[in-house]
Amino acid sequence: MTAAFGQPARSVLACGEVRTCLLPSHQAMDGRAAAQLLRLRADEHVRVSERPSMYALSPEVLTGVDCRLPASNGSKVRAVGTVAARASLTEGRLLQSTAFFSLPASGPDMRRPWGQYLVRPGLVEPFGKLPQQATAEGVLQGARRGELDLGMIAEGLLAELRRHPLLDRRVPFKSSPTRLRWVARRTSDGERASLVNFTLAEGGLRTMELRLPEHIPAASAAGICEDLALHDWLLTTVQHMLDNSRLGTADGPSVVETLQPVVVHLLHLWMPRAHVDPALGHLWDVLEEKPGFSRQWENLSRRIRDRLALQAVATPHQALSTR
Amino acid sequence: MTEAVFQETTAERRTQSVPLAHLSLELGHLYMEDFEAGPKRLAEHFAEVRIWVDAVRASAARRSRRPRISTCFLIDDYFTRFSTPAELVPMVLKEAEKAGLVIDYLARESACAVAERIELAESVMHRLVESPPPGSYGSRPSVSHSGWLANGQRTPSTSRSALGEVKGWAAPQETAARNHSIFMDVELWSEKDGKRLWSCPFLAAVWQLARLGLLRHLGEPVLLPAQWEGADFPQDWDRLPPLIRLTDTKAAFSAYRTCTLMPNRFLAVEDAVRLILDQIDVDAGALQQVAERSAGEGMPVPAAVAQRATYVFYEEPGDSSEAEGT
Chain A
1 MTAAFGQPAR SVLACGEVRT CLLPSHQAMD GRAAAQLLRL RADEHVRVSE RPSMYALSPE
61 VLTGVDCRLP ASNGSKVRAV GTVAARASLT EGRLLQSTAF FSLPASGPDM RRPWGQYLVR
121 PGLVEPFGKL PQQATAEGVL QGARRGELDL GMIAEGLLAE LRRHPLLDRR VPFKSSPTRL
181 RWVARRTSDG ERASLVNFTL AEGGLRTMEL RLPEHIPAAS AAGICEDLAL HDWLLTTVQH
241 MLDNSRLGTA DGPSVVETLQ PVVVHLLHLW MPRAHVDPAL GHLWDVLEEK PGFSRQWENL
301 SRRIRDRLAL QAVATPHQAL STR
Chain B
324 MTEAVFQETT AERRTQSVPL AHLSLELGHL YMEDFEAGPK RLAEHFAEVR IWVDAVRASA
384 ARRSRRPRIS TCFLIDDYFT RFSTPAELVP MVLKEAEKAG LVIDYLARES ACAVAERIEL
444 AESVMHRLVE SPPPGSYGSR PSVSHSGWLA NGQRTPSTSR SALGEVKGWA APQETAARNH
504 SIFMDVELWS EKDGKRLWSC PFLAAVWQLA RLGLLRHLGE PVLLPAQWEG ADFPQDWDRL
564 PPLIRLTDTK AAFSAYRTCT LMPNRFLAVE DAVRLILDQI DVDAGALQQV AERSAGEGMP
624 VPAAVAQRAT YVFYEEPGDS SEAEGT
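Quick mapping for you: the protein sequence lines, in order, are chains A and B. 42 is the number that this note's numbering gives to position 42 of the first sequence; each next residue is one higher, with no gaps. Position in the second sequence (from 1) plus 323 gives the number in this note's numbering.
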């Protein structure tokens, strides 16, 4: 028996995918422009927050699905419902989109009238019993042909925003987008939320597994995943820039030229947990312990500042010697 | 949990609630021809409506001992403009009164398109989430391109294969079909001289959402009734507020459920309205408020929005086809 219509059905699993990229705009966007960019609906507010950092969050939009769920064991379970998608902009510079949905343990063996799915936004109901383990693994592995494709929905929203007339599509430096897939298993309310796994895979893919008490909305889980994805993108991007800049080699580009965009656009963006549900902020602790996200960031920032300081000291001598 | 000390109003999402009656009862719907035909025709309509009003009130009394019922009437000033409020409104009110009916709220149809400079129809259009046919795994079909909304999959457009032969016809398919399909495709708007003309079913869907207390703009209620005190109505439709309260009724304009009384020629229009309502992602805050309050009063609303609207289709009095001159 499933929950009465209109009542939030008890979900056993929440899944999502976050895409993170640099906003294709030469200048960082201010709050007003961000609100315009993320106004996915004319009649709903974009949430804009200025403390402790500028952050804008779009309303959620729904996509209807009726297809097989991803499954690691090849089981073919049809599911119907809506996937929620939203976008955010941090410090007018980093654009993210997330698609996510929740799944109850079981659903009816037939499709209901569509209006009944719409009153439970972000819920996808399986036909019959949900193979929880196989679905969770399947989502993390990524959808195969014909299976519910979170990446496609997240990418679709991101592509729509990238085409927005407010954007000049000129990036201040090159960078690669990242994808983070996550699943959250529901636990009883007595248990605290926890991070079970965070994996750095190849090709800009990260996967994450959480345990989430029933009373915490899936949107909050999406929030912490976006926060981790954003900081992981910062680490990845800055590390990559340092690795590839051939700094210190005689024929490499100038240190200032290479590091200037990092200083101007990225260094101030590091602010873990800034807009995360307080009930989930502690999930950062595990990652701070090992591998130490903030420790790595401090190290990277220090390297950049040291290089620039050295350059500043060296410049007058160079200027003199070239005369 | 303790409330956070620091708050930012722009970072919060709130939905203001609206007062709600038990039932919003619409007392008939007329075309311009009916008004043109004069008071006698109106009197016949209201006499017929009166019978069903009594039946609806009796039905409501079964749900609640003291049902809060508000009545409303919609005048079309969107598709055709006829006469003036000064001339028309008193005639409608007088004929309704003669039939023993009271109209609490009067609305203009153009208010469903734009009210107080808010583009209501446009906003509702952005809330359409199409029912996905089987096999939809994440692509988002966009109504906003075609302007049509269906209850299933259309017949594929005729195309020639590489060898030039025309493929055979394929049937359309209703997504929620029981054994056999009843496929329906509804035009939501048309464009003329670069201007968008909303279709009658689409505006009627907006009208239903307003009556069900489910419309908001940036979290605020829209289409709030203005109290009309004066006896004289303006000479121009645009000078009449979009929604006015004509009586001192305590029953709110919006309600948990709606009942619409109309001639049976509107059946197709209202079927299209249900098709649209079934694919609108209504403001979640408003939806929750209505669900909680109706449950609190022991009369929970059906979950699906389209199920909250009921109808009585009656036979038109007299021979209307004659009057229309066709």
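No lab work stands behind these hints, which were simulated from the structure alone. Incorrect hints may have been included.
Stated by the list, open to error - Chain A is faced by these chain B residues, among others (derived, beta-carbon under 7 Å):
1. E331
2. T333
3. P495
4. A499
5. N502
As the list claims (entries may be wrong) - A few chain B residues facing chain A, derived, Cβ under 8 Å:
6. H449
7. G458
8. S513
9. K515
10. R539
11. D601
12. D604
As the list claims (entries may be wrong) - Using 20 Å as the maximum straight-line C-alpha spacing, the simulated SDA-like pairs for lysine to any residue come out as follows:
13. A:K76 with B:P457
14. B:K573 with B:P548
15. A:K174 with A:K129
16. A:K76 with A:P108
17. A:K76 with B:S459
18. B:K518 with A:A42
19. A:K76 with B:K573
20. A:K76 with A:F127
21. A:K129 with B:Q558
Quick caveat, the model's predicted, so the values are computed rather than measured. Glycine included, every Cβ here is placed at the ideal spot set by N, Cα and C.
Against the structure, the hints come out as follows:
Interface restraint check for E331 (chain B): the shortest CB-CB distance to chain A comes to about 5 Å, inside 7 Å, so the restraint holds. Of the supplied interface hints, the one on T333 (chain B) holds, with its beta-carbon coming within about 5 Å of a beta-carbon of chain A, less than 7 Å. About 17 Å separates the beta-carbon of P495 (chain B) from the nearest beta-carbon of chain A, more than 7 Å, and the hint is not met. Using the Cβ-Cβ criterion of 7 Å, the hint placing A499 (chain B) at the interface with chain A is satisfied: the shortest such distance is roughly 6 Å.
With a least beta-carbon distance of about 13 Å to chain A, the hint placing N502 (chain B) at the interface is violated under the 7 Å criterion. This hint holds: H449 (chain B) has a C-beta 5 Å from the nearest C-beta of chain A, less than the 8 Å allowed. Nearest Cβ of chain A to the Cβ of G458 (chain B): about 6 Å, under the 8 Å cut. The hint holds. At about 21 Å, the closest approach between the beta carbon of S513 (chain B) and any beta carbon in chain A exceeds 8 Å, and the interface hint on this residue is violated.
This hint is violated: K515 (chain B) has a C-beta 22 Å from the nearest C-beta of chain A, more than the 8 Å allowed. With its C-beta approaching chain A no nearer than about 7 Å, R539 (chain B) sits inside the 8 Å limit, and its interface hint holds. The interface hint given for D601 (chain B) holds, since its Cβ lies 4 Å from the closest Cβ of chain A, which is under the 8 Å cut-off. For D604 (chain B), the interface hint holds, the least distance from its beta-carbon to any beta-carbon of chain A being 5 Å, beneath 8 Å.
Between the alpha carbons of K76 (chain A) and P457 (chain B) the distance comes to roughly 14 Å, so the proposed pair stays at or under 20 Å and holds. A hinted pair counts as satisfied when its Cα atoms are at most 20 Å apart, and K573 (chain B) with P548 (chain B) qualifies at roughly 12 Å. With a C-alpha separation of about 46 Å, the suggested pair K174 (chain A) and K129 (chain A) falls outside the 20 Å cut-off, and the hint is violated. As the CA atoms of K76 (chain A) and P108 (chain A) are separated by approximately 16 Å, the hinted pair is consistent with the 20 Å bound.
Taking the CA atoms of K76 (chain A) and S459 (chain B), the gap is about 15 Å. The hint holds against a cut of 20 Å. For the hint pairing K518 (chain B) with A42 (chain A), the CA-to-CA distance comes to about 19 Å; that is within 20 Å, so the pair holds. At roughly 55 Å between alpha-carbon atoms, K76 (chain A) and K573 (chain B) are farther apart than 20 Å, so this suggested pair is violated. For a cut-off of 20 Å, the pair hint linking K76 (chain A) to F127 (chain A) stands: about 10 Å separates their Cα positions.
Distance check on the hinted pair: K129 (chain A) and Q558 (chain B) sit about 64 Å apart at the alpha-carbon level, beyond 20 Å; violated.
In summary, the structure is inconsistent with hints 3, 5, 8, 9, 15, 19 and 21 from the numbered list given earlier, while agreeing with the others.
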